[in-house]
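Construct the complete structure from the given sequences, taking the supplied hints into account.
From first to last, the protein sequence lines stand for chains Z and R. Position 53 (the first sequence) corresponds to 53 in the working numbering; numbering is contiguous. Position 75 (the second sequence) corresponds to 75 in the working numbering; numbering is contiguous.
Hints listed in this document are in silico derivations from the structure and should not be mistaken for laboratory results. Because the structure is a prediction, the values reported are computed rather than measured. Just so you know, nobody snuck in bad clues.
Beyond 12 Å from chain Z on every Cβ pair, some chain R residues (computed): (1) E30; (2) R31; (3) F34; (4) R58; (5) K62; (6) T63.
Heads up, simulated DSBU-like pairs for lysine-lysine below, C-alpha to C-alpha not over 30 Å straight-line: (7) Z:K73 / Z:K57; (8) Z:K73 / R:K11; (9) Z:K62 / Z:K73; (10) Z:K62 / R:K11; (11) Z:K11 / R:K57; (12) R:K73 / R:K11; (13) Z:K11 / R:K62; (14) R:K73 / R:K62; (15) R:K62 / R:K11; (16) R:K73 / Z:K11; (17) R:K73 / R:K57; (18) Z:K11 / Z:K57; (19) R:K11 / Z:K57; (20) R:K11 / Z:K11; (21) Z:K73 / Z:K11; (22) R:K57 / R:K11; (23) Z:K11 / Z:K62.
Every residue gets a Cβ at the ideal spot worked out from N, C-alpha and C, and that includes glycine.
Protein chains: 2
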Amino acid sequence: MALTALRELAKSPLGNPIRLAIALYLLSRERAMFMDMVRALNLTPGNLGFHLREMEKRGIVKTYYRIGKRPTKFVELTDVGVQELENVMAILREVVNSD
Amino acid sequence: MALTALRELAKSPLGNPIRLAIALYLLSRERAMFMDMVRALNLTPGNLGFHLREMEKRGIVKTYYRIGKRPTKFVELTDVGVQELENVMAILREVVNSD
Numbered sequence: 001m002a003l004t005a006l007r008e009l010a011k012s013p014l015g016n017p018i019r020l021a022i023a024l025y026l027l028s029r030e031r032a033m034f035m036d037m038v039r040a041l042n043l044t045p046g047n048l049g050f051h052l053r054e055m056e057k058r059g060i061v062k063t064y065y066r067i068g069k070r071p072t073k074f075v076e077l078t079d080v081g082v083q084e085l086e087n088v089m090a091i092l093r094e095v096v097n098s099d
Numbered sequence: 001m002a003l004t005a006l007r008e009l010a011k012s013p014l015g016n017p018i019r020l021a022i023a024l025y026l027l028s029r030e031r032a033m034f035m036d037m038v039r040a041l042n043l044t045p046g047n048l049g050f051h052l053r054e055m056e057k058r059g060i061v062k063t064y065y066r067i068g069k070r071p072t073k074f075v076e077l078t079d080v081g082v083q084e085l086e087n088v089m090a091i092l093r094e095v096v097n098s099d
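Right under this line is the structure:
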């Protein structure tokens, strides 16, 4: 039922529109550069960093640096993240299509 | 586009699964009793009260007491709340059905 599903969603690391946007952005990419995400999602680096740290703690994304001309921060969605995104999309689909 | 829509959602007073659940619960009812909502949504009174205060500040719900055998707290979705719920559902529908 919709209410049970929405309570489930509130506990999900993707149960927040910003984190859902981050996961959807990463889904179609092997990896993304942190600064590209700041621009594409129109977030501040501080705000994006905050959400990514929370998502990393929950195993949804991993972040790492690659050294080129200068160190560049990359972000990837993990397999756990892909699975969680599928769960969240299924819940939302159930909620919004059941009226 | 989904990301823009999701950033919009993050700003909405209903852009949080618990508040969306509260609004959906109220939508089908003229009014609800606070303690029935605590049970139905499986929230603590403190947690429900917190979300309702935030929603009331944004004009989404109104709460009031009626005196019977004892004072009973009631909650109603406002017209603004109904409109906001429709907006949020439209955004979510767009996001989850566009893959």
